[in-house]
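Q: Below are the chains, spelled out letter by letter.
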Amino acid sequence: MDSLMPREDRGGPAQPLLLAQGLRKHFPVPGGLLGRSRKVVRAVDDLSLSVAKGETLGVVGESGCGKSTVARLLIRLIKPDKGTMVLDGDPVDEPHGITVNELRRQVQMVFQDSYASLNPRLTIAETLAFAPRAHGLPASEARARVRDLLDKVGLDPASYAERYPHELSGGQRQRVNIARALALRPRLIILDEAVSALDKSVEAQVLNMLVDLKTELGLTYIFISHDLNVVQYLSDRVLVMYLGKIVELGSVEAIYGNPQHPYTRALLSARPSMDPRRRTKEAPIQGDPPNPIDPPSGCRFRTRCPFAEDVCARVEPPLADTGAQAVACHMRVVGSGHSKAAAP
Amino acid sequence: MAIQSPTVDISAALVRPTLASASRGYWPSVGRRLRRDPVTLVCAGILLLVVLSSIFAPLLGLADPYKTSMIRRLYPLGSPNHLLGTDELGRDMFARLIYGGRLSLFMGVMPVLCALLIGGTLGITAGFVGGKVNMAIMRVMDVFYAFPSVLLAISLSGALGAGTENTLLSLTLVFIPPICRVSESVTTQVRGFDFVDAARASGASALTIVRVHVLGNVLGPILVYATSLISVAIILAAGLSFLGLGVKPPEPEWGLMLNTLRQAIYVNPVLAALPGVMIFITSICFNLMSDGLRAAMDVKA
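Same order as they appear, the protein sequences are chains R and U. So in the numbering used here, the last spot in the first sequence is 344, and the numbers never skip. So in the numbering used here, the last spot in the second sequence is 301, and the numbers never skip.
Where hints are given, some of them may not hold.
To be verified - Straight-line Cα separation of at most 30 Å, DSBU-like style, residue types lysine-lysine; simulated pairs: (1) K200(R) x K152(R); (2) K132(U) x K39(R); (3) K53(R) x K214(R); (4) K132(U) x K79(R); (5) K82(R) x K132(U).
Keep in mind that the hints were calculated from the coordinates and are not lab data. No experiment lies behind these values; they were computed from the predicted model shown.
With the rest of the complex left out, here is chain R:
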């Protein structure tokens, strides 16, 4: 065994592996006088989530709803404007907490674009050895680790280690990306649309490999995707995002079996069905999401929601616990003033 070992579990199984509290990221919009514009893209707005040890948290939502920003915030590729993160009991980037570097040892990420995420000038072995070497693993041990990593993702080390990314297929490249994410023996892996660009058959292979790796290495996943079927297959809990906010969060059975938020319902009814009789004829919701530079007041979904009422424009619905899942909708809040809400 080499010297760069996985980190020990600290808080026990009941303590969340990762806890994010009130994460916020607003990107300034370029333009305005001297580049000082007051306008911002509200990519992620006061988002809180927790990831339990050993689970897979699925994150779904339309394009541009802030899924990838969440991923980049959680691994600190971008600095949040506000919010705190706690990794297994240790606050991140705070006094008495752990450093961002330590966070990155324990949390890794797989990117969507398998080609752009590999350096074209480096061989597969060089790419995989980079992170362990940067963390001080000696060259000989790094070589052994590269062989081990390639074995883990089902690529023959003898024939792949010295290859360049352009000599590999998309599925093989994504296996290399997964191997790289495993290189530092992390505990949590964020998969940002990791299989979305692959052919369906290759996607299935990679998904099954991810499931196997999870049990073998005791990993925790945050699985970000727009593909609802894949999320259902892989996840234990699902988080639905709309315009930088959580609209619904709950177990995969609750979300898929009994969706509460109109947006979740619309998403689920929009997914393609294998059964011709169950195919949707009409689009469940119309149009594009509103501009995140100037999101609607109150509930952000109200402009496309068939049940929108006055209260939705005035008050922002809280993420209320309804038992099986948490929903941010006035229809589920007792005494909210919505005609469909229960009276107080």
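With the hints as your guide, set chain U onto chain R.
A: Positioned in the frame of chain R, the structure of chain U alone reads:
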């Protein structure tokens, strides 16, 4: 007879590459393309000849390039003992052209090398760090950019005074902004790729990321651009010498030779044009070579 248990070959289950050939890196493939490019090869050959003859000029048994003779002034081309004739002070033209290459090439390559070091570092820093650092570096470069390069070189040399070192200094300053700008733009481009994010997510230091992931991807385009600047540097250096702001006589240098021979243009125009021909050949070779390099390197790995 015992029933043999079926053996499972695990290695067959592993995905094997379809290609049997040995893996080839980026640079070997660039070399392969260059070898198939006759123009670039010929240019490189000519340049090699010019460079080698300049370096080994004292060993070639040439006439003394400083030895003047009042009797043998302005001999035409093909004169006995003076293959390319003599200049206005009776010095052997062939020897002076070869010796002149030493200074001219030096003035072409050195400022570009210095500017590459300084401008490249600044540009890569600006591109990789971004934000306010980028703003500060690039706006300073814009100030230098506001002056036409020839004017900037002339005014700097004029202020500093004639001489090899001052010419070197002013040419370096002229070339830092363009190299910096090119470096900054390619670095910004490379920084946007996911593999740089992945490297940052691995917790490596910025310097390690630049060394391993950025340099390999930006050095190619920057070098190609720098090669194309060498010809400009040669011409600018020659121009400064021609104006009397560069090398001082009697040092042989192509630009200065053009200047001193210009009175002979009515007497022996071919002779007077010879240093210009040398400048022309060298700079066009550098230009064509940089074009060839660009073409050979402009491939998705």
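Q: Next, verify each hint and record whether it holds.
A: Outcome of the hint check:
no. : hint              : result
1   : K200(R) x K152(R) : 21 Å, holds
2   : K132(U) x K39(R)  : 20 Å, holds
3   : K53(R) x K214(R)  : 11 Å, holds
4   : K132(U) x K79(R)  : 16 Å, holds
5   : K82(R) x K132(U)  : 22 Å, holds
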